[in-house]
Amino acid sequence: MNVAEKPVIAAASLIGQRIQKKDAPEKAAGKTRYIQDMVVPGMLHAKILRSSRVHAKIKSIDTSAAKALPGVHVVLTAADVPDQQPIGVARDHLPLKGERVRSLRDEIAAVAADSDEIAEAALKLIRVEYEDLPVIASPEDAIKPGAPLIHPTPLDAHGRPQSLPPKTPIAFAGKPDNIAMRFDYTHGDIAQAEAESDVVVEDSFQLHYVTHCCMGVSGVIAEFDASGNLLMYSNTQVPFLHKREFAEYLNIDPSRVRIIQPPIGGGFGSKLDIYPFEVICIFLARAAKRPVKMVFTREEEFLASPTRQPVLLTLRSGCRKDGTLTFRQVHTLHDNGAYTSWGATTPFVMMQTFSSLYRVPACDYHTTVVYTNNPYAGSFRGYGNLQATFAIEQHMDMLAEKIGMDPLDFRLKNAQDAGEVTGQGMTFKSCGFKECITTAAERSDYRKKHADNIANRNARGPVKRGIGIASMLHVGGGAKIYPSDGCGTILKLDDFANVTLITGASEIGQGSETVLSQLVCEELGLPISAVTVVNNDTAITPWDVGVHASRTTFIAGNSAIGAARKAKAKILAAAAKKHDCDEAALDLRGGFVVVAETGEPVVELARLMRNLHFSDKAELVMTTFYYEPPSVHQDKAFKGDVSAAYAWAAQVVEVEVDTETGIVKMTKVTGTHDVGRVLNRLGLEGQIEGGVVMGQGYALTENLIVENGVTRNPNFRDYKLVTAPEIPEMDITFVESMDGEGPQGAKGVGEAPAICIAAAAANAIHNATGVRIFGLPFTPEAVYRALRGKSDKPHWPAWKPE
Amino acid sequence: MTAIERYAAPQSLDEALGILQQGEVTILAGGTDLMPQTKAGRIAFKPTLMNIGRVAGLKGVSLDGAYLRIGALTTISELLRDPLVVQHAPVLAEACDQFASDQIRNAGTLGGNINNASPAGDTLVPLIVLDAEVELASKPNGSVTTRRLPLAEFFTGPGRTKRAANELLTAVRVPLPQPGHVARFYKFGTRPALDISTISIGIAGIKRDGALTDIRVAFGAVAPTPVRAPRTEAALEGRPLDAEAIAAGADTARDEVSPIDDVRATAWYRKELIHNMTKRMLDHVAQA
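Residue numbers (full-length UniProt numbering), protein chains in the order written: chain V, 1 to 802; chain S, 1 to 288.
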């Protein structure tokens with residue numbers, strides 16, 4: 001007898017597997033072509049002349065020598081582009097500055113030439129005459145009565161303020177004070193809650209400048225085709241928003257703007273806004289009638305790309321003796337820099353942490369964002385949450401100590417549970433917060449080490465050990481900021497059952513191509529290798545709001561699943577019809593249509609595709625889906641359930657503090673994240689590890705030193721990124737709370753891992769030494785000074801403008 | 001875009017010195033300091049750029065009587081692994097292990113590190129406490145002449161030395177250690193490597209019966225050049241290394257240096273580090 005066994009294809013899930021990123025081999029092998037590598041036929045090379053003064057009037061600009069230099073094609077100043085429109089969220093920023101410079105990064109002129117070297121030489125030939133103005137180097141100075149204005153109202157020929165139509169942008173109309181934005185939020189009765197408190201603590205916290213340090217510096221190529229349509233090769237994280245904005249600046253139909261994203265060497269939020277260099281590059285291309293490429297040098301990237309939002313914050317917190325939180329009152333002063341970008345809007349996220357990370361009956365939050373002559377802040381992974389968490393989680397330890405309660409028990413007593421609706425209107429559907437705290441604490445042996453370290457503070461030897469915990473809440477199901485928070489997908493199968501997944505979601509190194517492929521393959525029973533992802537061309541891909549708010553896996557994932565399920569339904573219906581069976585009894589596995597119950601193959605999927613295609617009623621499998629999360633916009637009081645899901649985490653940091661040098665060595669990080677469900681375990685671990693290291697840099701080493709508006713360390717020698725030997729041991733675990741709305745139960749996690757580290761490190765240093773430090777970063781000298789009582793505690797009295 | 005008019009790559013010392021004698025020459029060895037500094041506009045190229053990488057006999061470590069002789073073109077990576085250096089001047093190898101990154105160590109040379117004359121140069125402090133001397137060759141009258149200078153006297157300011165424009169630094173000589181010789185190097189940076197020193201400390205001497213004699217103490221990054229610390233040396237010379245002597249040495253060290261404030265540290269913190277780490281190093285020497 002020679003009878004083969006009946007083939008059976010078992011269901012093999014891809015969910016939770018460790019799947020290599022699709023782009024990893026080419027990136028590791030150095031084969032990826034970034035914008036730096038791109039050459040467009042006929043393209044020119046552009047450079048920007050930036051201000052050499054922090055705050056000054058421009059008296060004259062002479063570009064004649066630069067224009068005369070052989071190889072120079074175009075030199076532009078503000079006078080050459082009278083139609084330029086202000087950019088940025090507050091419309092206070094003209095790309096080319098004609099009358100006044102307000103920070104050292106300010107763009108005065110731009111050159112397009114045959115080579116970078118010629119463009120650079122031309123910049124040196126441009127003569128600018130300035131008249132210096134007083135420099136506002138700190139937000140405290142900016143709000144003093146009579147402080148010089150950063151955006152004064154322009155005067156007419158008679159020296160009187162010009163009368164301009166209402167809604168004239170700030171860039172033209174100016175601003176009567178230095179206040180760029182305000183945020184005021186409240187829930188509950190603060191006075192009553194304070195009266196009911198047994199313990200109240202109040203401290204100020206100082207958060208510093210850091211910047212993204214993307215390995216791929218900012219860059220763009222702009223060109224106009226014969227019909228005047230604009231094509232941009234751009235590193236942006238938000239191509240669809242930019243398409244619309246660039247059209248507005250050029251006063252053309254948005255359909256005439258096409259954005260293609262070459263592989264992006266890191267974003268982390270830095271490429272979420274429009275910057276002057278992009279608009280200037282478009283102006284140059286328009287004037288030169290040639291493609292123009294502009295790529296920053298590393299020094300320029302430090303000087304002229306956005307920073308994380310520096311914040312001065314005063315927090316007042318109270319609780320009862322039994323450990324119940326009563327209230328929080330927060331006043332922050334945000335240093336906006338000279339122009340307004342997304343950094344100014346970080347209070348959207350900060351107030352969520354204050355109002356909703358723990359149950360707190362009353363919360364009062366105020367931010368004033370003020371103009372200064374400093375570099376301006378943009379969005380950066382965590383979006384204000386690192387700053388808020390730094391303050392709040394130190395106060396959690398301090399309150400616990402005051403009432404003699406264990407810091408873990410204190411947190412657990414006030415931690416949120418599933419089903420709660422917070423004062424701000426956030427509704428926690430899936431919530432593994434308490435399990436995050438207990439898991440991280442148990443795995444790190446937090447309780448024992450915390451007690452031992454306190455007992456050993458006065459032991460011999462200069463090195464003290466410390467352990468600290470911090471927790472976080474962040475959006476995990478998108479954030480409804482724009483009219484839509486959705487993402488579109490187009491999915492097609494070819495004659496060989498290969499899938500092309502056309503998604504609006506951009507890949508910026510976070511692994512979205514891989515996880516989206518995985519979700520599609522899980523539905524269609526195909527290997528990851530069967531999927532090609534197309535995600536970088538606004539002329540092809542459907543709309544997506546962009547890469548921000550840890551939203552891509554959740555939003556684009558649901559969108560991809562929607563398209564895949566429609567394809568699957570179509571395939572199974574066709575198979576059932578052709579093979580005369582019940583489509584409900586069929587499934588897709590291992591490249592076959594199978595009988596779901598037995599796994600018995602019905603037909604190879606590729607064969608079925610060809611049968612469908614090359615038949616009398618020729619048909620292809622192509623589907624579309626648009627996913628819009630069931631979240632809502634906040635109302636004017638900042639209340640509303642803005643995200644479809646919320647992510648939670650607790651991280652325990654262990655340190656060794658050398659009390660004779662101030663060096664803090666981070667030895668171990670134990671992190672537990674509520675991710676909803678683990679999709680790509682490898683990708684998730686990579687995100688967490690990278691985020692922890694970013695948080696470590698924020699806590700210990702990174703510091704963009706800005707003195708009187710001048711960035712003192714625009715290079716990797718003096719701006720200290722964490723290097724490989726400094727990276728701590730990590731123990732990373734996941735809580736699977738199975739979110740009901742999430743793709744396969746997952747929630748977003750991109751920003752989460754960076755958020756707690758500085759706060760936990762502060763608590764660990766206190767545990768080691770008994771000294772609490774209220775300002776970042778914990779560089780050796782800062783720590784040494786604090787240990788010797790030689791540093792000033794930040795002080796910012798509660799303040800808001802009248 | 002540079003002023004370089006001529007590139008020379010001599011094969012012999014004689015030829016190289018002849019080119020130097022003509023004047024207006026920028027010397028290129030590993031290039032790890034020269035390239036970034038010219039690019040940043042801190043130093044300007046002279047009309048002749050002379051690459052000495054191919055000059056025979058300037059590379060490698062050998063024994064030369066009672067001396068260890070290190071050719072100027074020996075790279076930091078080679079020093080780090082060289083068995084003679086590891087045996088006779090381990091503190092130099094130790095310093096090389098804290099020097100920049102592998103890529104820079106592979107290209108950067110000892111001669112370049114010395115001629116760059118940075119107050120924070122990583123090999124300078126250990127070489128000074130080892131009583132190293134530099135060998136300078138020139139060809140003023142058609143024939144090659146050589147002179148030697150103690151390294152401790154070689155530096156005159158940041159980026160400035162006593163090397164004459166027509167001289168080439170050909171080698172460094174380090175006396176072979178006497179019995180009982182100990183040497184320690186400490187570099188304070190905010191990370192394990194790839195950092196410019198905030199301060200560095202070298203201590204050497206002959207340890208006998210719990211006391212140090214022939215003491216050499218040198219500090220980096222606390223003055224315009226790496227400096228010997230004669231008062232600290234005097235405070236420690238010949239004294240048993242007990243707590244009192246160590247405290248006196250550390251206190252003297254703190255008073256003896258006059259560093260500046262910069263982006264890396266304040267003067268106050270540098271003095272604190274000099275005190276605390278001198279004490280820590282002396283404790284280790286005493287306990288060893």
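Since the hints were made in silico from the structure, they are not lab data. It is possible that part of the hints are untrue.
[What the hints assert, rightly or not] Derived lysine-lysine pairs resembling BS3-like cross-links, with alpha carbons at most 25 Å apart: (1) Lys59/S x Lys665/V; (2) Lys578/V x Lys492/V; (3) Lys790/V x Lys39/S; (4) Lys39/S x Lys124/V.
[What the hints assert, rightly or not] Some chain S residues judged to face chain V by a derived CB distance under 8 Å, without partners named: (5) Gly18; (6) Ile19; (7) Phe188.
Glycine is no exception: its CB is placed at the ideal position from the N, C-alpha and C atoms.
Taking the hints in turn, this is what the structure says about them:
Among the hinted pairs, lysine 59/S with lysine 665/V is inconsistent with the structure: their alpha-carbon atoms are about 39 Å apart, more than 25 Å. Taken as a hint, the lysine 578/V and lysine 492/V pair is honoured in the structure, with Cα atoms around 21 Å apart against an allowance of 25 Å. For the given pair, lysine 790/V sits about 39 Å from lysine 39/S by alpha-carbon distance, which is inconsistent with the 25 Å threshold. Between lysine 39/S and lysine 124/V the alpha-carbon distance is near 15 Å, which keeps this suggested pair within the 25 Å criterion.
Annotation: interface hint on glycine 18/S violated; nearest CB of chain V at approximately 33 Å, more than 8 Å. With 8 Å as the threshold, the beta carbon of isoleucine 19/S stays out of range of chain V, its nearest partner Cβ sitting at about 28 Å, so the hint is violated. The interface hint given for phenylalanine 188/S is met, as the beta carbon of that residue sits about 7 Å from the closest beta carbon of chain V, less than 8 Å.
Consistency note: the structure conflicts with the earlier hints numbered 1, 3, 5, 6.
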